[in-house]
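Number of protein chains: 4
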Amino acid sequence: MEMKSKILNDPVYGFINVPYGLLFDLTEHPYFQRLRRIKQVSLTHYVYPGALHTRFHHALGALHLMQQAVEVLRGKGAPITDEEAEAVCAAILLHDIGHGPFSHTLEHTLINVSHEVLSELFMEKLDEEFNGRLGLARAIFRDEYHKKFLHQLVSGQLDMDRMDYLNRDSYFTGVHEGVIGYDRIIKMLAVYDDELVVEEKGIYSVEKFLIARRLMYWQVYLHKTVLSAEQMLVKAMQRAKVLAHAGRHLDAPRPLAFFLHNDISAGQFLTDRDALLANFALLDDYDITSGLKAWAFADDPVLAFLSDCILNRRLFKLELSNEPFEESYTAGIRHHVERWNPFGPEALEYLLFQGSETNSAYDVSKEEIKILHKNGKVLPMSLTADYGIQSRLVTKYYLCYPKQAVRV
Amino acid sequence: MEMKSKILNDPVYGFINVPYGLLFDLTEHPYFQRLRRIKQVSLTHYVYPGALHTRFHHALGALHLMQQAVEVLRGKGAPITDEEAEAVCAAILLHDIGHGPFSHTLEHTLINVSHEVLSELFMEKLDEEFNGRLGLARAIFRDEYHKKFLHQLVSGQLDMDRMDYLNRDSYFTGVHEGVIGYDRIIKMLAVYDDELVVEEKGIYSVEKFLIARRLMYWQVYLHKTVLSAEQMLVKAMQRAKVLAHAGRHLDAPRPLAFFLHNDISAGQFLTDRDALLANFALLDDYDITSGLKAWAFADDPVLAFLSDCILNRRLFKLELSNEPFEESYTAGIRHHVERWNPFGPEALEYLLFQGSETNSAYDVSKEEIKILHKNGKVLPMSLTADYGIQSRLVTKYYLCYPKQAVRV
Amino acid sequence: MEMKSKILNDPVYGFINVPYGLLFDLTEHPYFQRLRRIKQVSLTHYVYPGALHTRFHHALGALHLMQQAVEVLRGKGAPITDEEAEAVCAAILLHDIGHGPFSHTLEHTLINVSHEVLSELFMEKLDEEFNGRLGLARAIFRDEYHKKFLHQLVSGQLDMDRMDYLNRDSYFTGVHEGVIGYDRIIKMLAVYDDELVVEEKGIYSVEKFLIARRLMYWQVYLHKTVLSAEQMLVKAMQRAKVLAHAGRHLDAPRPLAFFLHNDISAGQFLTDRDALLANFALLDDYDITSGLKAWAFADDPVLAFLSDCILNRRLFKLELSNEPFEESYTAGIRHHVERWNPFGPEALEYLLFQGSETNSAYDVSKEEIKILHKNGKVLPMSLTADYGIQSRLVTKYYLCYPKQAVRV
Amino acid sequence: MEMKSKILNDPVYGFINVPYGLLFDLTEHPYFQRLRRIKQVSLTHYVYPGALHTRFHHALGALHLMQQAVEVLRGKGAPITDEEAEAVCAAILLHDIGHGPFSHTLEHTLINVSHEVLSELFMEKLDEEFNGRLGLARAIFRDEYHKKFLHQLVSGQLDMDRMDYLNRDSYFTGVHEGVIGYDRIIKMLAVYDDELVVEEKGIYSVEKFLIARRLMYWQVYLHKTVLSAEQMLVKAMQRAKVLAHAGRHLDAPRPLAFFLHNDISAGQFLTDRDALLANFALLDDYDITSGLKAWAFADDPVLAFLSDCILNRRLFKLELSNEPFEESYTAGIRHHVERWNPFGPEALEYLLFQGSETNSAYDVSKEEIKILHKNGKVLPMSLTADYGIQSRLVTKYYLCYPKQAVRV
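Residue numbers (the numbering used here), protein chains in the order written: chain A, 44 to 451; chain B, 44 to 451; chain C, 44 to 451; chain D, 44 to 451.
Simulated from the structure, these hints should not be mistaken for lab results.
You may find that some hints are simply not true.
A pair holds if it fits inside one copy or across any two, identical chains being indistinguishable in the list.
[Stated by the list, open to error] Cut-off 20 Å, straight-line C-alpha distance, at most; resulting in silico cross-link-like pairs (PhoX-like, lysine-lysine):
(1) Lys413 <-> Lys191
(2) Lys267 <-> Lys244
(3) Lys190 <-> Lys119
(4) Lys413 <-> Lys168
(5) Lys244 <-> Lys420
(6) Lys360 <-> Lys190
(7) Lys409 <-> Lys47
(8) Lys191 <-> Lys409
(9) Lys49 <-> Lys267
(10) Lys420 <-> Lys191
(11) Lys284 <-> Lys417
(12) Lys168 <-> Lys191
(13) Lys417 <-> Lys190
(14) Lys284 <-> Lys49
(15) Lys420 <-> Lys119
(16) Lys244 <-> Lys119
(17) Lys244 <-> Lys413
(18) Lys439 <-> Lys244
(19) Lys190 <-> Lys446
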């Protein structure tokens with residue numbers, strides 16, 4: 044893969060090389076440039092103010108790691124042709140191209156289509172624009188290519204996506220708990236029977252990686268204040284949709300207005316792909332925030348209240364618990380909120396809500412990480428580690444409502 | 044200043060303590076929260092994709108350094124009362140409160156009032172809201188307090204503002220050239236005759252600081268691609284104002300629309316302070332970007348062209364030179380641009396423009412950095428350094444136009 | 044503790060302040076300066092070439108963290124007098140003062156007295172020299188002071204010793220697996236019923252700390268190449284003692300010669316404290332390495348062989364296993380070594396040896412880490428974590444012999 | 044250069060790859076392993092306690108940068124054969140192989156032969172041992188190869204030696220002033236007319252590099268306390284040689300004793316190369332420190348005093364001045380020292396001494412750094428920079444004597 048390339052500055056890795064040709068051209072495409080306007084971790088910056096980095100930056104970082112992985116695997120004799128190398132790089136570059144504004148937060152609120160489906164549609168469209176040069180990348184992305192390890196580098200328990208986002212989110216939040224030895228893990232990768240494996244001496248780094256990921260979930264991504272802000276945003280968007288569907292006027296940038304007024308299904312995206320993608324490709328974080336800024340002055344007091352609270356970071360209280368909340372406890376809170384609620388009974392569902400979040404450090408029910416032992420045997424991680432790998436699913440329950448409602 | 048405080052995560056310094064009371068309350072105010080939506084370095088992220096940090100983060104970082112400086116100075120016997128400590132902290136926290144969207148880039152384009160004037164107006168308004176508790180902070184900010192070193196910590200050749208932005212911009216761009224030994228410089232600060240001085244053994248760190256600042260100017264803030272993007276933004280905004288004044292309809296968020304249609308002078312801000320500040324306080328980066336996104340589809344082809352180019356990072360070529368451009372050279376380029384120009388002669392000024400930028404490592408004509416020598420004497424930096432400090436003003440000239448116009 | 048202090052540079056924390064007075068004077072004492080000549084992690088630099096940092100540096104780093112911990116606890120209302128603050132700082136500064144050359148590696152080989160006993164003796168001696176000013180520090184060190192949390196800061200599951208060595212060993216080895224959020228953990232410390240507790244929201248950082256410590260054990264401290272080098276050093280020293288006791292001449296620096304020829308017990312240290320401490324205080328890494336350099340030319344071929352191998356890093360093969368080695372396997376290796384052994388049967392025990400190392404991430408049988416929950420309850424860590432804390436003792440077995448013996 | 048390689052951990056660069064074959068074998072040689080026992084920056088750790096890194100680590104770091112430089116230059120079309128790549132790597136690996144104990148400090152004190160001459164002799168010897176495989180490396184090292192840029196990578200104004208030591212010394216001292224953008228500089232290297240040049244856009248990084256180097260000289264390498272310690276070491280060694288030549292018995296490790304009793308010239312090294320190199324190859328920092336430890340108890344009170352002071356860091360006062368000291372001032376100090384001197388008049392020269400140190404940021408009289416401009420022209424750095432590059436030679440004068448002599 045020695046070729047002329049564009050050099051980009053990255054505080055996480057120093058420099059990122061984007062080879063001229065297909066890969067560089069992809070990064071210049073408006074679809075990809077759009078990712079500059081989508082923050083990687085939604086409203087996490089309300090707790091970690093540095094966390095303003097974007098899907099654009101993440102995709103380039105993942106590309107950088109992919110280039111390293113390809114080099115390491117080739118150095119160990121894994122047969123990767125130049126075409127495959129370019130394709131797996133294109134696949135990782137585009138793996139998040141279908142993310143909408145505020146990434147996961149609004150994923151099924153604004154449009155009920157997953158970002159993976161949208162990523163595939165974007166790739167299909169780009170493949171047409173690039174005259175079929177993305178065929179192999181798409182096959183790898185969909186796990187339909189016989190060299191399975193290529194797909195695993197894009198999407199698996201140790202893929203370049205996770206490797207980059209842990210690094211990057213740690214860097215921009217400043218949370219050391221997510222720091223991983225990504226360079227060591229990548230050096231320890233190998234291919235065995237067309238599958239990705241890790242050499243035995245990398246096992247501690249892998250274990251560290253699994254734990255780092257778990258800690259980042261609870262300490263950053265699902266931090267209670269972040270969760271509160273993001274759930275409030277979901278509520279504001281749901282309210283806006285209800286108003287829009289009821290025919291109420293709402294100031295909103297055009298791309299947002301379109302999706303507020305139209306409920307688009309995955310099926311519609313398939314049948315009317317070009318027009319819908321064109322609309323979706325105009326939508327980003329800026330539309331949502333501009334919407335909130337307008338809605339803080341909306342006629343509807345519930346939407347105005349939620350929007351103003353989000354913008355000025357007057358966040359609801361969020362209680363987090365390892366057990367589901369007792370019905371009696373929830374009823375007590377509801378009583379308080381009802382008494383305080385100045386907006387009428389219809390508003391209640393936007394002022395008091397609950398839910399749960401789950402995370403597992405390592406899911407043995409999925410494809411396991413495989414360890415290549417010095418004796419040449421390959422064993423799943425769960426049979427190799429000194430300690431049992433923690434694979435239990437942890438669920439946390441939350442209950443969320445305005446602070447002022449319960450200030451007795 | 045030992046008191047209960049809110050702890051904030053900061054990847055640059057680890058943790059930032061915001062003491063509860065006046066300082067914490069200021070950070071909670073919508074005026075201050077607005078700074079979350081104003082990027083510190085405008086469109087620098089088009090070259091350094093990590094540079095998305097905000098004035099909000101910078102203000103908190105400068106507060107952190109101020110707390111350290113106060114502790115160091117007190118440790119050396121400088122008399123700083125608790126009131127003064129709080130006031131100088133409030134002053135640094137609010138020093139950029141008057142910045143508008145895209146900070147310096149649009150400073151005199153959208154509204155012809157400097158951010159310093161607006162900062163003072165915001166402080167005056169906040170002082171009223173906080174019942175006069177900002178009086179001392181405002182006096183320090185305006186350099187009207189007898190302990191001159193307090194003002195110098197807020198605004199001077201070695202102030203906490205510069206110290207933080209060099210650190211922070213280095214961290215988020217990843218440009219090592221700006222890394223400074225801020226902790227060492229702060230440890231070396233002292234007070235002499237009510238003025239801020241640096242102990243002799245800190246001289247190399249100060250020299251490094253001056254050089255780091257100069258290098259950051261040319262390598263980051265005035266990088267030719269950044270300059271191109273920012274000047275294009277200025278041109279787009281000028282075009283939008285012309286259209287607005289001509290009564291043409293322009294989609295724009297309300298706060299932006301107000302300032303597009305009304306030319307507000309500093310005088311008007313003084314006479315109609317509350318109403319105008321209220322409008323200005325609603326304006327941030329999101330309005331500008333949303334404007335551009337709408338204008339990419341505007342009827343006016345010049346505005347549409349500029350907006351689309353900025354959004355999708357199709358930037359004009361910018362030539363940078365240490366000498367003014369020869370008239371004949373400029374004429375040649377103009378000829379090319381005219382021939383290419385598909386928008387009519389009126390568009391030319393938006394497609395070809397020139398200007399200059401200047402920077403000086405250290406301006407001896409301003410108040411000099413003072414060095415406290417071991418023998419007790421205080422000398423200006425320019426008489427102390429091993430080498431002559433480089434104080435020459437460097438000017439660079441630029442010429443900017445669409446790449447496609449000159450592709451012969 | 045605001046007082047004039049000596050500022051030391053530390054790449055790990057930036058600056059370390061050593062307050063003038065007792066603490067500074069202790070650092071100037073030859074006993075403490077001796078720690079400059081004792082590497083923190085013995086022969087770890089044979090695998091991680093940067094790991095040359097010393098007990099001197101570690102002791103100062105632990106002092107730095109202790110100062111932070113005291114400040115945090117006082118900020119939360121824990122009653123710590125200035126005398127107690129100084130005493131707990133003195134205790135951490137001196138906690139390793141009794142370490143001999145190559146720290147743990149030779150701890151019971153050269154002199155059969157633990158470093159803790161020797162640390163206490165040094166403190167006792169220093170207490171006399173400093174006119175009884177170390178009385179409180181010694182009481183804290185021996186856990187005889189009623190404010191138990193002070194002892195826990197010096198020696199416990201979350202003490203400043205561990206906190207510093209994980210940071211420092213990570214920095215100098217470059218192994219990210221040991222990076223911990225020490226600043227966050229310290230911010231979360233509190234005192235409850237005179238015991239050290241951690242606030243609930245610090246729980247992920249504590250978990251990370253426990254894991255980092257475990258990973259550092261296997262990846263660094265007990266790395267198989269490190270283990271091989273260190274066990275070879277033990278063997279060389281044992282051989283030298285045998286020769287010395289047999290009256291054979293051995294070139295050796297005087298302090299080393301003394302301990303080679305005399306087997307000193309803990310009892311003798313107590314009865315003849317001053318003379319023996321004086322001798323011990325002259326002994327450091329330099330004596331051992333100089334000994335090896337001389338012994339590489341010794342008449343005794345076994346000692347010469349071992350010394351030369353260590354110096355030139357021609358290390359024995361070390362096999363590491365989670366199970367004890369089968370007798371038949373060991374016999375096979377022994378057969379090979381015997382056939383190769385050019386030094387006679389007496390040499391065999393220096394050429395083939397086995398042993399085991401154990402480590403536990405978190406030992407619930409010891410005093411547990413206590414978590415202070417938001418509801419005010421204090422629970423042991425093992426009942427608080429999302430996952431069961433891994434407290435199983437892991438044992439690894441090793442078998443070590445010259446590579447060339449088994450090169451079939 | 045894609046080949047199997049040994050991976051080494053390095054906190055500065057992450058990992059260093061040493062390709063198996065010639066380069067790996069060189070690192071395994073006792074001559075190279077000896078560098079593990081020679082600190083890179085002598086007694087600098089008396090001020091910066093982390094600065095214990097070795098010539099061994101530095102040589103490997105420089106190798107790492109050389110590999111990057113070769114890759115960058117090849118990527119830009121510079122013709123570098125595999126043989127040349129290996130040779131230039133071998134040359135940088137061995138460039139410091141001739142350094143003796145305490146590197147520059149004792150360079151002409153113990154043995155009056157420069158380390159460059161000794162490096163060449165070691166390479167010659169190794170070339171014989173490796174059957175002539177170092178011929179090209181030696182030619183490059185001596186600048187006798189027609190592709191001059193290869194020599195410039197090893198030894199020039201921007202060589203990999205300087206690049207690594209600035210990085211490494213900054214890392215281990217923690218002095219930010221030395222941090223350089225080495226990765227950016229290397230990316231900007233190119234070859235023009237067989238000479239090394241830097242692309243224009245790397246000019247700020249080069250300027251930063253020159254300044255960083257200058258600041259490191261005064262802040263670290265020539266720090267007054269470091270200078271004091273190192274000059275005291277020189278004095279101790281001179282005293283030991285005088286005593287040795289006078290036939291006095293001195294405890295000293297054998298390799299040191301040899302060079303104390305024999306004054307070996309460069310000529311003798313040439314005529315009796317093998318025997319003298321063998322002796323020299325046994326000599327390292329450990330011998331010197333062990334010598335000092337023994338001499339602290341020597342009969343000669345001057346040597347005992349100096350040795351004890353160095354070991355326990357009771358350093359002489361060192362006055363540093365930009366002007367030569369006035370004769371009258373020096374006479375006054377001499378008077379004090381004479382009155383205090385308890386060792387007799389013969390001791391005076393070891394108790395009071397002066398000298399000077401010089402440094403230039405950038406020496407235009409030497410081969411200049413060449414800048415490749417976008418127009419294809421190559422200009423020397425001094426004609427390219429915005430500011431005049433500071434090339435003045437700065438000289439500082441020192442005067443050194445025991446503190447206690449002048450405590451009036």
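A quick look at each hint next to the structure:
1. Taking the closest pair of Cα atoms, Lys413 and Lys191 come within 20 Å of each other only inside a single copy of the chain (13 Å); across copies the shortest separation is 47 Å, beyond that limit.
2. In this assembly of identical chains, the alpha carbons of Lys267 and Lys244 lie at most 20 Å apart only when taken from different copies (11 Å versus 37 Å within one copy).
3. For the homomeric pair Lys190 and Lys119, the shortest alpha-carbon distance inside one copy (16 Å) is at most 20 Å, but the shortest distance between copies (33 Å) is not.
4. Taking CA atoms no more than 20 Å apart as the test, Lys413 paired with Lys168 passes in neither setting, with 35 Å inside one copy and 48 Å between copies.
5. Taking CA atoms no more than 20 Å apart as the test, Lys244 paired with Lys420 passes inside one copy only; the shortest distance there is 13 Å, against 42 Å between copies.
6. Neither within a single protomer nor between protomers do Lys360 and Lys190 lie at most 20 Å apart by alpha-carbon distance, with minima of 49 Å and 37 Å respectively.
7. In this assembly of identical chains, Lys409 and Lys47 lie within 20 Å of each other by CA distance neither inside one copy nor across copies; the values are 39 Å within and 34 Å between.
8. Within a single copy, Lys191 and Lys409 get their C-alpha atoms as close as 15 Å, which meets the 20 Å cut-off; across copies the closest is 47 Å, which misses it.
9. In the homo-oligomer, the alpha carbons of Lys49 and Lys267 lie at most 20 Å apart only across protomers (16 Å), although the nearest pairing inside one protomer, at 40 Å, exceeds that limit.
10. For the homomeric pair Lys420 and Lys191, the shortest alpha-carbon distance inside one copy (19 Å) is at most 20 Å, but the shortest distance between copies (50 Å) is not.
11. Taking the shortest Cα distances, Lys284 and Lys417 never come within 20 Å of each other, neither inside one copy (58 Å) nor across copies (38 Å).
12. Neither within a single protomer nor between protomers do Lys168 and Lys191 lie at most 20 Å apart by alpha-carbon distance, with minima of 24 Å and 52 Å respectively.
13. For a Cα distance limit of 20 Å, the shortest separation of Lys417 from Lys190 qualifies neither inside one copy, at 23 Å, nor across copies, at 44 Å.
14. For the identical chains of this complex, Lys284 and Lys49 are neighbours neither inside a copy (43 Å) nor across copies (36 Å), given an alpha-carbon limit of 20 Å.
15. In this assembly of identical chains, Lys420 and Lys119 lie within 20 Å of each other by CA distance solely inside one copy; the values are 17 Å within and 43 Å between copies.
16. In this assembly of identical chains, Lys244 and Lys119 lie within 20 Å of each other by CA distance solely inside one copy; the values are 15 Å within and 36 Å between copies.
17. Taking CA atoms no more than 20 Å apart as the test, Lys244 paired with Lys413 passes inside one copy only; the shortest distance there is 13 Å, against 34 Å between copies.
18. Proximity of Lys439 and Lys244 under a CA criterion of 20 Å is satisfied inter-copy only: 15 Å between copies versus 34 Å inside one chain copy.
19. Taking the shortest alpha-carbon separations for Lys190 and Lys446, neither the intra-copy value of 54 Å nor the inter-copy value of 38 Å comes in at or below 20 Å.
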